[in-house]
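**Student:** Spelled out, the chains give:
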Amino acid sequence: MLRYALLRLLGAIPTLLLVIVLAFLMVHAAPGGPFDAERVLPADIEANIAAAYHLDEPLPQQFFRYISGVLQGDLGPSYRYRDHTVSELIGAALPLSLKLGAAAMLLAVIVGVTAGSIAALRHNSFVDRLLMAFAMTGISIPVFVIAPLLVLLLAVKAQWLPAGWSGNEGALRYLLPVIALALPQIAYIARLTRASMIDVLASDFIRTARAQGLRTSTIIRYHALKPAMLPVLSYMGPAVAAILTGSVVVEEIFGIPGVGQFFVRGALNRDYTLVLGIVIFYASLVVLLNLVVDLLYAVIDPRIRHR
Amino acid sequence: MLRHMKSLRILLLVVVAATLWSCGKPGNDSPQVSTLNRGLASDPESLDPHKMRSVQAGDVLRDIGEGLAGYTATGELVAAAAESWTVSEDGLTYTFKLRAAARWSNGDAVTAEHFAFSLRRLVDPATASFNAHLIAGVLNATAIAAGELDPAMLGVDATDEHTLVVTLSQPTPYFLALLTYPSTFPVHPEAIAAHGDAFTRPGVLLSNGAYKLDAWEPGSMLRLSRNEHYWNNAQTAIDAVNHHVLVQEVTELNRYRAGEIHLTSAIPPDSFQQLRKERPEEMHVAPYLGVYYYGFNLSKPPFKDQPELRKALSMAVDRDVLVSSITGRGEAAAYSWVPPGVDNYAPRQLAFAGQSQKERNALARRLITEAGYGPDNPLTFELRYNTSDTHQRIALAVQSMWREALGVEATLVNEELQVLLANMREAEVTQVFRSSWIGDYNDAHTFLSILQTGNPSNTPLYASDEYDDLMRRAGEQIDPMRRRLYLEEAERILLTDHPVIPLYFYVSKHLVSPEVRGWGDNVLDYHYSQHLSLAPADANP
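Line by line, the protein sequences give chains A and B. Here the first sequence stands for residues 1 to 307, numbered as in the numbering used here. Here the second sequence stands for residues 1001 to 1541, numbered as in the numbering used here.
The following block holds chain A by itself, in its conformation from the complex (with noise of 0.2 Å):
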């Protein structure tokens, strides 16, 4: 297993190598530069910002001296926050969008499984449907429109958690944004853990334990649960994912200084070294999670493990 996890860490090299070439000479392409504005700035002023910034150096040489400075750690400076360089950003910007990730994850697993479990065992009911109902209006609203409604509806109106991010103290201010990015994910997961659940109900191992008298609470919690859970824990990288984006569109509702933030910005600024910070490490997380999720099948499901 260990050599497994090893083996497919050094095959991610290659991957992260490609990514940050193709990502370098993509930012590089988009017309416009860091510095362009509606001001145009005359010459000389402008040759020397270029060369503060190595702008004016050609091109292979300013990835050589991108790509040395980051084997040895360093993400360089941001250009559009000059007073910053991209792994201070990073630094700062990443503990927020893990809390908010995680939690929203959590939720969307804890609401979605619970809600999708009662759904199964009350197949074709009122509840079903009516579950059902708000899972398909979950999935179907997109996250720019739940968020600002709740911040109109619990926020400006009620007034009973705060509107914004900067000067609220506490966690309070964590909610909006973790249930505005975490409902269309529980409405995903009940989908999924209702069909999944459904399917392992009727399966014969869970008629001997209702045949040998085993509670119904008994039978889903150490039975049927945990095959119920296959499609959903491989839905968790699409989700992680998912919230990754969704979390672009909340940050920037909530003003919350966030990665995803500074990656729409970065890339509308052109603001290289943040962008390409930002890929890189977008980049090395999703080869870790993918690592993670085939791992995490392994313990799960013993018919991987053994083959």
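Keep in mind that the hints were calculated from the coordinates and are not lab data. Don't be surprised by glycine CBs; every beta carbon is placed ideally from N, CA and C. Be aware that one or more of the hints could be misleading.
As the list claims (entries may be wrong) - Listed below are several chain B residues computed to face chain A (Cβ distance under 10 Å; list not exhaustive):
1. Ser1046
2. Glu1190
3. Ser1220
4. Glu1409
5. Thr1411
6. Val1413
7. Ser1513
Based on these hints, arrange chain B on the given structure of chain A.
**Tutor:** Chain B in isolation, oriented as in the chain A frame:
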């Protein structure tokens, strides 16, 4: 055992919930500390005065720094770090007397040498400042920025601890106004020597303004607190200022409505009319030194050497409809290039300003026909604008005005800002493009100079010897009245050549909480926190 586990779990839940609730309560500040919360449309790119560039960096720097001159809340120029100054008769030598009480946030005296050091640093090529050209009027500044002379050769001299002498290479009547711009603010030489580029960090940054920087979380907030050493600290009412970075106007509005911020940096277009009804007293809409315009590419057909054709297109735009139905936030229709409200200047008007739109359209149709276009041979071109709801609505309206009045077919091309800027600079594919100009200082020169031949912001590539000559003569004039006449004549030439279609003049738009006292509307849209104070919402002013 099991029951124990269960109650333990419930206890845990209660504790967690209680902790969450208690940390969530806003208003941790003690009641004696008055804290101003204001919206900021983006992070400052830098708090180094010589590396700053944006309006937002300026907003923060005006709170933490101070130049030789400043403005009152309503926009009158006043002495700031300098106590007084004298100007030589030829207008070339400015002698500033600094305040003996001026202090940095660590208690050090602010000296004339600090200002001299800072102005040299501004033009030093090694600094790579975006605003080095701002003080191009100072002796040798341009040559230093070009790397031809040593920064020590700049025309600034600290003759004693509190006297700064600045020598200009040509009269610059707006020179004092430049000294209110943050790029001319001082930096502490020792802070730079000690910390290098990191001297702008919270806790390290030394400021000479009313506030000092306590914390900066990029993308979220900058926290400032009172600079106890500031010379005018006794007159500063607000103890702490939080600049909240709120990029989305809607988010900013929500936070204002929820009572979390006292003033906004903008008002979302879609909420404008509703807010005008709901909160008329809190809305502050005032003229602003900015013009929104369409530029022609004068280097290529169909607009090269066709002033009459350009005039026709300018005439057919019903500016009143644009400002009343499309922008609708108090903007003023533009019939001149220089906005109203500029000091010591009366903007010239487009010749057709006095006509009705019907008359304009009739004349414009004739001009189009004379230029050789008609129903069989319609004029077609591309109109480029950068991605934005407002820009798109305006472009659609102008497109239909041109089509209906003149039979002209403009194709709309929507581009990301950086793409549009690159296209404008290359002037290869552009025909008509959207742009805007925001004045750097309160003088007509900031608007008129950009259309001089060779000015990097002259994206229409307008080149008129007559115009350039008038601008040059205005530059040599010491007498403000005669200078003004040259500038006004230059604008008149500009308005007969039609290199641009001025569409409307900007307004500044803010929501200001009834708690805020001391707010003043001004054309530069500068609002120093030190001029404001907070009173309970229900107290009488």
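**Student:** Evaluate each hint against the coordinates.
**Tutor:** Structure-based check of all given hints:
Below 10 Å, beta-carbon pairs count as interface contacts, and Ser1046(B) has one with chain A at about 4 Å; its hint therefore holds. Checking Glu1190(B) against chain A: minimum C-beta separation of about 19 Å lies over 10 Å; hint violated. The closest approach between the C-beta of Ser1220(B) and any C-beta of chain A is roughly 4 Å, which is under the 10 Å cut-off, so the hint is satisfied. Against a cut-off of 10 Å between C-beta atoms, the interface hint on Glu1409(B) is violated, since the closest Cβ of chain A lies about 26 Å away.
A hinted interface residue such as Thr1411(B) counts as satisfied when its beta carbon comes closer than 10 Å to some beta carbon of chain A; here the least separation is about 19 Å, so the hint is violated. The beta carbon of Val1413(B) comes no nearer than 13 Å to any beta carbon in chain A, farther than 10 Å, and the hint placing it at the interface is violated. Hint status for Ser1513(B) relative to chain A: violated, with the closest Cβ pair at about 15 Å, above 10 Å.
Of the numbered hints given earlier, the model fails hints 2, 4, 5, 6, 7; all others are met.
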